[in-house]
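Chain B: place on chain A using the hints.
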Amino acid sequence: MTDAPGPYREESLRQALATDPRVMEQELDVSIAGDRVVISGTVPTEDRRAAVTEVARERFPDLQVDNRTIVPTLPASGGEERVT
Amino acid sequence: MIRIAAAGDLHVGADSEGTLRPALMEIAEDADAFLLAGDLTKAGLEEEAHVLANEVEGIGVPMVAVLGNHDLHSDQADRVRGRLEDAGVVVLEGETHIVHLPGASLGVAGVRGFGGGFAGASATEFGEPEMKRFVRVTIDAASALRAGLDRLTTDVRVALLHYAPVRDTLHGEPPEIYPFLGSYLLAEAVDTAGCDLVLHGHAHRGTEWGITPGGVPVRNVAQPVIRRAFAVYTLDPEAAVARSGSSA
Chain A
29 MTDAPGPYRE ESLRQALATD PRVMEQELDV SIAGDRVVIS GTVPTEDRRA
79 AVTEVARERF PDLQVDNRTI VPTLPASGGE ERVT
Chain B
3 MIRIAAAGDL HVGADSEGTL RPALMEIAED ADAFLLAGDL TKAGLEEEAH
53 VLANEVEGIG VPMVAVLGNH DLHSDQADRV RGRLEDAGVV VLEGETHIVH
103 LPGASLGVAG VRGFGGGFAG ASATEFGEPE MKRFVRVTID AASALRAGLD
153 RLTTDVRVAL LHYAPVRDTL HGEPPEIYPF LGSYLLAEAV DTAGCDLVLH
203 GHAHRGTEWG ITPGGVPVRN VAQPVIRRAF AVYTLDPEAA VARSGSSA
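Chains as they are written, first to last, in the working numbering: chain A, 29 to 112; chain B, 3 to 250.
Source of the hints: derived by calculation from the structure; they are not laboratory data.
Among the clues, some could well be false.
Unchecked claim - Stretches of chain B that chain A covers, calculated by requiring three or more beta carbons in the stretch to come under 8 Å of a beta carbon on chain A: (1) 102-113; (2) 133-145; (3) 196-206; (4) 230-241.
Glycine included, C-beta positions come from ideal geometry on N, C-alpha and C.
The following block holds chain A by itself, in its conformation from the complex (with noise of 0.2 Å):
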């Protein structure tokens, strides 16, 4: 039994950063590098940006888990689009 190669580890974590309730991002992106993994997008908050390390922990306790995600400042409109 070996691991499974790469493309299908790394989209085991997308689908359960997509699916567990923790998260439930679907537009993450996930890439596997040696002991490495990186896991980058936008979440809503700090809570699920925190989540996102944990499944990936939980998923690949082998890896070091990089945890790029943002959690962006929403600011107010910051100006208007006419569009007629």
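Only chain B this time, still in chain A's reference frame:
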């Protein structure tokens, strides 16, 4: 001028309390109405809708929403909808709503929409029952959207969706997932019935600006795209009426 504030993909969870309200408390200074383009909650739970309701209640402008795929995840859509409506949010699914503003009327036709892809690379209602059901959902949504827009006789008409009607606003997303992000059938409905603006969400890695083949402006207002609590679009009711008359 009618000023429309819009946002989608708020993904409100139990951890979101207080994250939106500070910006939304100023919305009445910037806009006449607030339109919400789905994925209002993280997992479609009633308690998440309760958090969102507390964020938006009493912000001082009419609010109209459609739900998104996240809002349907826990099979509590009726309770999500009910909690939002208790807070003054009109939630549409194949329905219309008219906002009467001083000097002009704003009509909103709202459907969640669904996937299927875009002209030249779209799913067809053929083959397995599962595939036919998938495509039929989008066909029915587009039909409801067209009927809703046809019913509206307001000065300005807006189509409010969750799924995308055009490819333009998906640029930045992997092309392989376009069929899961929207359908050309929604744009066809808009172009057939006529409309002044289309708002949608769902595509977090997309871009804000697009246009239908018939020339209707499309805006992807997913918060990760607009990078602010809400975007504001202004529309001139007289220009909208003139355009409607010339296309009749």
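Each hint, compared with the structure:
Counting residues of the stretch 102-113 of chain B whose beta carbon lies closer than 8 Å to any beta carbon of chain A gives 0, which falls short of the minimum of three for the stated coverage. Given as covered by chain A, the stretch 133-145 of chain B fails the check, having 0 residues with a CB less than 8 Å from a CB of that chain where 3 are the minimum. Given as covered by chain A, the stretch 196-206 of chain B passes the check, having 3 residues with a CB less than 8 Å from a CB of that chain where 3 are the minimum. Counting residues of the stretch 230-241 of chain B whose CB falls under 8 Å from any CB of chain A gives 10; the rule of at least 3 is met.
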